[in-house]
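**Student:** Dock chain G against the given chain D, drawing on the hints supplied.
Protein sequences, first through last, are from chains D and G. Numbering that gives the first Met the number 0 applies: residue 0 is where the first sequence begins, and numbers increase by one. Numbering that gives the first Met the number 0 applies: residue 0 is where the second sequence begins, and numbers increase by one.
Be aware that one or more of the hints could be misleading.
[Unchecked claim] Okay, the calculated beta carbon distance ranges per label pair:
no., chain 1, residue 1, chain 2, residue 2, range
1, D, D321, G, G231, 40 to 50 angstroms
2, D, T30, G, L62, 50 to 60 angstroms
3, G, D323, D, E101, 24 to 34 angstroms
4, G, A147, D, H26, 43 to 53 angstroms
5, D, Q180, G, G253, 18 to 28 angstroms
6, G, R39, D, H26, 25 to 35 angstroms
7, D, H168, G, R21, 56 to 66 angstroms
8, D, W279, G, E179, 20 to 30 angstroms
It is worth saying that the hints were derived from the structure and are not from the lab. For each residue, glycine too, the CB sits at the ideal point set by N, CA and C.
Below are the chains, spelled out letter by letter.
Protein chains: 2
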Amino acid sequence: MVHSVSAMKLTDLQTPALVVDRAAFEHNVATMAAALPGPRLRPHVKAHKTTAIARRQAEAGHLGFTCATILEVERLAAAGLGADLMLANEVVDARRLGAVVEGGSRVTVAVDSEATVTAAADGGVPEVIVDVNVGLPRCGCAPEEAGAVADMARARGLDVRGVMGYEGHVVGLDDRAKREQMTAECMEKLVQAHGDVGGELISAGGTGTYDINTWATEIQAGSYVLMDTAYGRLDLPFRPALTVLATVISVSQGWAVADCGLKALGMDHGNPTMADGDVWFCSDEHVTFAPANTVRVGDRVHVTPAHVDPTIAYHERMHVVDGDDVVDEWAVDMRGW
Amino acid sequence: MVHSVSAMKLTDLQTPALVVDRAAFEHNVATMAAALPGPRLRPHVKAHKTTAIARRQAEAGHLGFTCATILEVERLAAAGLGADLMLANEVVDARRLGAVVEGGSRVTVAVDSEATVTAAADGGVPEVIVDVNVGLPRCGCAPEEAGAVADMARARGLDVRGVMGYEGHVVGLDDRAKREQMTAECMEKLVQAHGDVGGELISAGGTGTYDINTWATEIQAGSYVLMDTAYGRLDLPFRPALTVLATVISVSQGWAVADCGLKALGMDHGNPTMADGDVWFCSDEHVTFAPANTVRVGDRVHVTPAHVDPTIAYHERMHVVDGDDVVDEWAVDMRGW
Chain D
0 MVHSVSAMKL TDLQTPALVV DRAAFEHNVA TMAAALPGPR LRPHVKAHKT
50 TAIARRQAEA GHLGFTCATI LEVERLAAAG LGADLMLANE VVDARRLGAV
100 VEGGSRVTVA VDSEATVTAA ADGGVPEVIV DVNVGLPRCG CAPEEAGAVA
150 DMARARGLDV RGVMGYEGHV VGLDDRAKRE QMTAECMEKL VQAHGDVGGE
200 LISAGGTGTY DINTWATEIQ AGSYVLMDTA YGRLDLPFRP ALTVLATVIS
250 VSQGWAVADC GLKALGMDHG NPTMADGDVW FCSDEHVTFA PANTVRVGDR
300 VHVTPAHVDP TIAYHERMHV VDGDDVVDEW AVDMRGW
Chain G
0 MVHSVSAMKL TDLQTPALVV DRAAFEHNVA TMAAALPGPR LRPHVKAHKT
50 TAIARRQAEA GHLGFTCATI LEVERLAAAG LGADLMLANE VVDARRLGAV
100 VEGGSRVTVA VDSEATVTAA ADGGVPEVIV DVNVGLPRCG CAPEEAGAVA
150 DMARARGLDV RGVMGYEGHV VGLDDRAKRE QMTAECMEKL VQAHGDVGGE
200 LISAGGTGTY DINTWATEIQ AGSYVLMDTA YGRLDLPFRP ALTVLATVIS
250 VSQGWAVADC GLKALGMDHG NPTMADGDVW FCSDEHVTFA PANTVRVGDR
300 VHVTPAHVDP TIAYHERMHV VDGDDVVDEW AVDMRGW
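Just chain D, same shape as in the assembly (with noise of 0.2 angstroms):
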């Protein structure tokens, strides 16, 4: 999926174009595979949906990955990445994820009751992980629970590789000392019933909490490689690598208009900003902004979104640049389920 693009200009793109700033990008990739090496790292794909991405942090020594949806495990491992895949998710019908095994990937799924045991069982899914709440309130079952979980899971015969509970709750807090005393208290709660599981894994952790869950085997991080600009309020050495490149569509007496919209960008935690103005709203395919200095018809600036991942499952592609350079184009080719 990764084809060099010789000679185009970030001029030359067609927008609302998704864009990649290769040095910040490398930088977050290396960064974190120098503090969390190798498998210390289960990179999540949920936040780039981009097998060219996932095949960089392979290569940066992160063989495993985390998934959100079937569809991102059926794509890892049919683009040659399917060494160890964890669908970090319940499913009713594990079908698809079997077929996945069938075709020779390692795949393990996410339990939490007797229904989702017996679906990887009927699946063909012969690996799972007990998902374990550790304090949001979404999947996972009571840590006093794991155990039973873990029981059920063998008496089907399948390989219970340990547990997992995520701290999503914590890894957005501004204040580090508020997640490290937060993230001790999810991980108390994920030690304790992994006592009670066994298994080789205790999988947990997000960029937030990347150097600060040490009770975790293995760090569930995503958004570090592109970061928005949530995370990037946070004392983190990762940097903004993303942004939706638009061009200014109208100018009027105290506000202009860019062609990215509402439909390019993830709007749950609020509008874009713009380092050349004052964002005032986004419709469909515009957003309004106060532009801090004179702009005109035709200009193209850099939409920053409040958060990246539902913000790269509306596009197609990625363009990577260096400074006004194309340098490549990666397909966003796990969108969908």
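**Tutor:** Chain G only, in chain D's frame:
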């Protein structure tokens, strides 16, 4: 793109899945066609991005369409629906539109500046409409400048079909009297501009003002066909026709989780709603909710998006249902740019 799906049931669908209630959809198409027959409605396709729906709107008598992106124009033309396509948005490079004209379709593009007039002329788009700002701070020239923009266009040999001006800040107001008053104020500006511009078209309006805006010669409504919770609050005769079908994947004490997250939903209008419970929050691939009644892992639930347009843009297809039967599948084939 329309093909029938024989003997498929709602429970057979992989989730998350867009689901269209056929009866509600047909009611909406028929109700609007009765209120604004034929060319009185120029349906906006940005809401649904689906040529199969556009074809149904054409069958109901509306042969002209409104588009928000170049790609929507291209795909409608390719689907044989290119009798009268209006891109109600400014572009600085109209060459792809010119290629659609070359292919035999009729294309009109919005202009509001010298740069966009030049783009139309250079790109080979022979017909334009002058976009006038009627109060929403977005695209469009000031009403008093509309005549000059039309003169510029005619000087470049372009046909000027009239004026358009979208009262986007009015269409969603709950209070009908307020909608009426503000629509009148907006349209006073547009009619004045039309006096300076000439041409047969005064194009304006949306679902919230479809029966209020009597100044416009044609209404650009799009949301009416599927509706959403924002428009659902208004006193309109259209029925909600679209939900996202999801599967319950985890049940805990006090909450449950279904597999419809914020990558399957437009979130700019906030959280979705559920008939089956109260939504707490959405993650990338999860909705956590307090169920109204007992739910079990594997149960199907319907999630109603707060904003339909950006919801649909995440999905490759929608499924048309009649009760528990899936009677059709439509490709969302106008996504991207």
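**Student:** None of the hints should be skipped; say for each whether it holds.
**Tutor:** Structure-based check of each hint:
Separation of D:D321 from G:G231 is about 48 angstroms and conforms to the stated range, judged on CB atoms against 40 to 50 angstroms. A hinted range of 50 to 60 angstroms holds for the C-beta pair D:T30 and G:L62, which are about 57 angstroms apart. For the pair G:D323 and D:E101, the supplied restraint of 24 to 34 angstroms holds, since their beta-carbon distance comes to about 32 angstroms. Restraint check, G:A147 to D:H26: a C-beta distance of roughly 50 angstroms satisfies the suggested window 43 to 53 angstroms.
One distance hint, 18 to 28 angstroms for the beta-carbon pair D:Q180 and G:G253, holds here, with the actual separation near 25 angstroms. The hint said 25 to 35 angstroms for the Cβ distance between G:R39 and D:H26, and at roughly 57 angstroms that hint is violated. The hint said 56 to 66 angstroms for the Cβ distance between D:H168 and G:R21, and at roughly 41 angstroms that hint is violated. The beta-carbon spacing between D:W279 and G:E179, approximately 26 angstroms, falls within the hinted interval of 20 to 30 angstroms.
Taken one by one, the earlier hints fail for this structure at numbers 6 and 7, listed in ascending order.
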